[in-house]
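Each protein sequence line maps, in turn, to chains A and B. The end of the first sequence is residue 370 by the UniProt record's numbering, with every number in the run present. The end of the second sequence is residue 626 by the UniProt record's numbering, with every number in the run present.
Please note: incorrect hints may appear among the correct ones.
What the hints assert, rightly or not - Within a straight-line C-alpha distance of at most 30 Å, the following computed DSSO-like cross-link-like pairs (lysine-lysine) qualify: (1) A:Lys129 - A:Lys341; (2) B:Lys381 - A:Lys120; (3) A:Lys117 - B:Lys87; (4) B:Lys40 - A:Lys116; (5) B:Lys28 - A:Lys120; (6) A:Lys117 - B:Lys537.
Stated by the list, open to error - What follows is a set of in silico ranges between Cβ atoms, one per label pair, in the way DEER data are often shown: (7) B:Phe530 - A:Asn278: 49 to 57 Å; (8) B:Glu583 - A:Ala48: 25 to 33 Å; (9) B:Asn270 - A:Asn217: 37 to 45 Å; (10) B:Val356 - A:Val303: 55 to 63 Å; (11) B:Tyr29 - A:Ala48: 39 to 47 Å.
As the list claims (entries may be wrong) - Chain B stretches covered by chain A per the calculated footprint, using a threshold of three residues with CB under 8 Å from any CB of chain A: (12) 130-140; (13) 241-253; (14) 380-393; (15) 578-586.
Since the hints were made in silico from the structure, they are not lab data. Note that the Cβ used here is the ideal one computed from N, Cα and C, for glycine as well.
Residues per chain, in single letters:
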Amino acid sequence: MYFIIALVALVFVVLTVIVVSRLQDVLKSVKKPESADEAPSGNSWNGAMFIVIIIAAAVGTTWSYMHAREHFLPIASSVHGRRTDDLFWFSMGVLTIPFIFVNFLIFFFSWKYQYKKGNKASFYPDNHKLELIWTIIPAIVMAMLVFTGWKAWSDITSDAPADAEVIEITGKQFNWIVRYGGVNDNKLGNYNYKLIDAQNEVGIDLSDENSFDDFLNPTEMHIPVGRPVLLKIRARDVLHSVFIPHMRVKMDAVPGMPTKFWFVPDKTTADMRAETGNPNFKYEIACTEVCGQGHFSMKINLVVEDEASYKKWCAEQSTFLQTYPEYLAKVPDNLKAKAMKGLPADTATPADTAKTASTGGGIGTTAALR
Amino acid sequence: MSAIEGLDTAGHHEEHAHHHEPQSFWQKYVFSEDHKVIAKQYLITGIMWAVIGISMSVIFRIQLGMPDSNLSWLKPILGAWISDSGKLDPNFYLALVTMHGTIMVFFVLTAGLSGTFSNFLIPLQIGARDMASGFMNMLSYWFFFLASVVMFASLFLQTGPAAGGWVIYPPLSALPQAHQGSGMGMTLWLASMAFFIVSQLLGGINYITTVINLRTRGMSFDRLPLTIWAFLITAVLGLISFPVLLSSVLLLIFDRHFGTSFYLSEIYINGEALPNVGGSPILFQHLFWFLGHPEVYIVLLPGLGITSEVIATNARKPIFGYRAMIASMLGIAFLAFIVWAHHMFVTGMNPFLGSVFMFLTLIIAVPSAVKGFNYITTLWKGNIVFTPAMLFAIGMVSLFVSGGLTGIILGNSALDIQLHDTYFVVAHFHLVMGAASAFGLFAGVYHWFPKMFGKMMNNTLGQIHFWFSFIGIYLVFIPMHYVGIAGFPRRYYQFTSYDFTHKFMDMNMFITVAAILSFLAQFIFLYNFFVNIFKGKTAPKNPWRSNTLEWTTPIVPGHGNWEGEIPAVYRWSYDYSKPGAKEDFIPQNIPYSQTLESNFPHENELIATEKEIEAQNFNDQFNTAH
Numbered sequence: 001m002y003f004i005i006a007l008v009a010l011v012f013v014v015l016t017v018i019v020v021s022r023l024q025d026v027l028k029s030v031k032k033p034e035s036a037d038e039a040p041s042g043n044s045w046n047g048a049m050f051i052v053i054i055i056a057a058a059v060g061t062t063w064s065y066m067h068a069r070e071h072f073l074p075i076a077s078s079v080h081g082r083r084t085d086d087l088f089w090f091s092m093g094v095l096t097i098p099f100i101f102v103n104f105l106i107f108f109f110s111w112k113y114q115y116k117k118g119n120k121a122s123f124y125p126d127n128h129k130l131e132l133i134w135t136i137i138p139a140i141v142m143a144m145l146v147f148t149g150w151k152a153w154s155d156i157t158s159d160a161p162a163d164a165e166v167i168e169i170t171g172k173q174f175n176w177i178v179r180y181g182g183v184n185d186n187k188l189g190n191y192n193y194k195l196i197d198a199q200n201e202v203g204i205d206l207s208d209e210n211s212f213d214d215f216l217n218p219t220e221m222h223i224p225v226g227r228p229v230l231l232k233i234r235a236r237d238v239l240h241s242v243f244i245p246h247m248r249v250k251m252d253a254v255p256g257m258p259t260k261f262w263f264v265p266d267k268t269t270a271d272m273r274a275e276t277g278n279p280n281f282k283y284e285i286a287c288t289e290v291c292g293q294g295h296f297s298m299k300i301n302l303v304v305e306d307e308a309s310y311k312k313w314c315a316e317q318s319t320f321l322q323t324y325p326e327y328l329a330k331v332p333d334n335l336k337a338k339a340m341k342g343l344p345a346d347t348a349t350p351a352d353t354a355k356t357a358s359t360g361g362g363i364g365t366t367a368a369l370r
Numbered sequence: 001m002s003a004i005e006g007l008d009t010a011g012h013h014e015e016h017a018h019h020h021e022p023q024s025f026w027q028k029y030v031f032s033e034d035h036k037v038i039a040k041q042y043l044i045t046g047i048m049w050a051v052i053g054i055s056m057s058v059i060f061r062i063q064l065g066m067p068d069s070n071l072s073w074l075k076p077i078l079g080a081w082i083s084d085s086g087k088l089d090p091n092f093y094l095a096l097v098t099m100h101g102t103i104m105v106f107f108v109l110t111a112g113l114s115g116t117f118s119n120f121l122i123p124l125q126i127g128a129r130d131m132a133s134g135f136m137n138m139l140s141y142w143f144f145f146l147a148s149v150v151m152f153a154s155l156f157l158q159t160g161p162a163a164g165g166w167v168i169y170p171p172l173s174a175l176p177q178a179h180q181g182s183g184m185g186m187t188l189w190l191a192s193m194a195f196f197i198v199s200q201l202l203g204g205i206n207y208i209t210t211v212i213n214l215r216t217r218g219m220s221f222d223r224l225p226l227t228i229w230a231f232l233i234t235a236v237l238g239l240i241s242f243p244v245l246l247s248s249v250l251l252l253i254f255d256r257h258f259g260t261s262f263y264l265s266e267i268y269i270n271g272e273a274l275p276n277v278g279g280s281p282i283l284f285q286h287l288f289w290f291l292g293h294p295e296v297y298i299v300l301l302p303g304l305g306i307t308s309e310v311i312a313t314n315a316r317k318p319i320f321g322y323r324a325m326i327a328s329m330l331g332i333a334f335l336a337f338i339v340w341a342h343h344m345f346v347t348g349m350n351p352f353l354g355s356v357f358m359f360l361t362l363i364i365a366v367p368s369a370v371k372g373f374n375y376i377t378t379l380w381k382g383n384i385v386f387t388p389a390m391l392f393a394i395g396m397v398s399l400f401v402s403g404g405l406t407g408i409i410l411g412n413s414a415l416d417i418q419l420h421d422t423y424f425v426v427a428h429f430h431l432v433m434g435a436a437s438a439f440g441l442f443a444g445v446y447h448w449f450p451k452m453f454g455k456m457m458n459n460t461l462g463q464i465h466f467w468f469s470f471i472g473i474y475l476v477f478i479p480m481h482y483v484g485i486a487g488f489p490r491r492y493y494q495f496t497s498y499d500f501t502h503k504f505m506d507m508n509m510f511i512t513v514a515a516i517l518s519f520l521a522q523f524i525f526l527y528n529f530f531v532n533i534f535k536g537k538t539a540p541k542n543p544w545r546s547n548t549l550e551w552t553t554p555i556v557p558g559h560g561n562w563e564g565e566i567p568a569v570y571r572w573s574y575d576y577s578k579p580g581a582k583e584d585f586i587p588q589n590i591p592y593s594q595t596l597e598s599n600f601p602h603e604n605e606l607i608a609t610e611k612e613i614e615a616q617n618f619n620d621q622f623n624t625a626h
């Protein structure tokens, strides 16, 4: 690191020296009477600077690019991710051409056509053919980029396949909560933000029988490998944004407007540990929409595993009702029997709470599968 | 017209005397209605804001590049925002990021750039005595001043200024309980912005009216310098888009204070479910970016206009493709209104809409490319004089192209998924909009300083300032692209929480060092600017041997700009190095009948119209009854 800082410092020092030495010349020249056809002050060293800088910039940019590339785009672990990566590098490749070409011309022309005594600039106000060429060429290149981008975009944002594993992720200040449909029906139950409290953090609506086997996890998200995963994304308080860098997944979480994103992960955490040679490798989910003080640390880990261990993990999780049996009171009477399946027998609720439950369930609910 | 003038000649001298009646200090320098004074007021206020805004960025760059450093030395300024162990408060970090964005975009690059040069150059370059309404012009500055005072005051609140990012997305900005910056700080932000919008509208109406109505004799639209075209288009953009920001701000104020639910729905926060349902945070984003995207061009177009003028003057060549330049500015301005949702590809907006906006966005590259190539062709076979203004103009073209190219990546919605809200975006817009416009501003200041103050700035210091700034900017923002490609999210207080951001520590430190050096280089400019207002060499009448009308005024133009009659205009402003001409420039007010040796055949035909142009006398307030 200190090497780089030293390098920058050196560049600036060299610049300063050049500049100071030139300053002396300029101060001398100030005393001389100026005539109209004398070279404007500092013109030649400024012209030379254009050549110095373009060479330095070419070397510097190439070197820094090679130096930094090992950290570029973390290894893509999803099917669409590799596609957008290819597209990204393709576009970058295409755009590097005008980047180099145009900057070269700007610098080169500035140096080449600097003021020379007795020279006269050429009067060249327009050339329709030239202008037509550099209107049409960018237009064609753009059309090509738009087309490839558009195809990728419409595939990525198309409807999720029917066999997708549906998982809900809810953002709040400052953590994520993941909800699964449960092992019995594998369907997410309804929710309502008015039902949120300290335990029921995502507002599960227990008057919907699909929610009886739902389970939550505030620390880890597990997903199966090689199968589409559909994230249903919600926010509880302010905007958040689900960002899974390795999966090339990003979608805002918006209060009052559920969003979604589906993708096919095809490398398990174990695969990635082998590929990166890092035994502690973890997939991470971050927040990329500023949400307050804890925005920079709103993390949840993601575990990608094979189907069998994923199923096993799901089966090991205790459902929301198992964790908080007192919420049985919110289940309507006719569904109580179903809800109590899998619960220890001694958590049967007193009959009188059933009344409050039915009124509590009267609030309009939002379908989770909108 | 001339008949009326004849009748009026008796009263003319009285009229004239009336205009030169001595004004009090307050009228002359403070509540002035003179466009030149107002321009200087804008410029100096803008420079002060720039110092504040860039200092903020240095502080948060230190936090990002050297997260372990002890910031206790900032305690005298920041007080309790620095903890006892010398750490920057994370809430204040967000406030700094937010205020840096707000200040630089609105107060420096909108007011400081467009406010200064539209005011200064429109009357001088079109040949008008002053703006259409001097009073409105004065109001425009003082509304800006009021907005500045309110925004400045918000910096000193105990809960800090607004801190939800300069885009102030609700619900974060709507709910005081969501963040401390969303309390009084946000209230003041919104109030300040409302005043600011009023200021912009008063200014914009004035610019448009002036350009349309007060052009001097012979100054047809196809003879307007490109600066004026740029200011005119900028003003139209602002006039259409700023009211939309005002409405979004007003609706946010309603949500915050009067219990409405425009942007709020189904929110549970701080142990409480809010009653608001049916609103949409996305609505705010649509309204905000309907201004926000044209705003990019409001900031950039004046810079492009100034660059066109400066490059042509100092390359001693006519600008290449004058009409194409106007057409591309019009094209950019039109497209600016229909691309806003490319800021919202991953907000959950309908993906089909995303495709449409991707298509429209990438079209902007075409007129932008035309501009870039036209600048380059203007340099080709020129006889370039490297005045500081010229250097900054050349630098501006380089930054505009380099930054614009990455926009093609971001405008592609499929690629935006990964790059949205990462440092790639930050690097992109700082190059193309921040640095490019700032370079336009510098080019303008160096070029027109002699006209503003009648003094010359130091040439060498200006050149040194350019090289440090130019190299510094690239050293900051090229590596920042790398950090973005690695997926570093923006507006993060530190990068220690994630494994995927456990890299590039040295790169971030490098960026910070480069940013500090570029910041320090700006003091060269401040010294050069302020000292030479008082101590500079007296400027010649036309120091850059330029064609436009402002150089026909006295060295320090007084009230009404021209003594005696306003000059008439007979040609476009880009007759540099015309074949056959004695000098390498022919000012706009020289009739073709005096330059027979260099006229093209179609120009000889125009000699017949000169009498007609000369006979006209509209728009000169000094010569007609009020």
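Which of the listed hints are not met by the structure? 1, 3, 4, 5, 9, 10, 12 and 13
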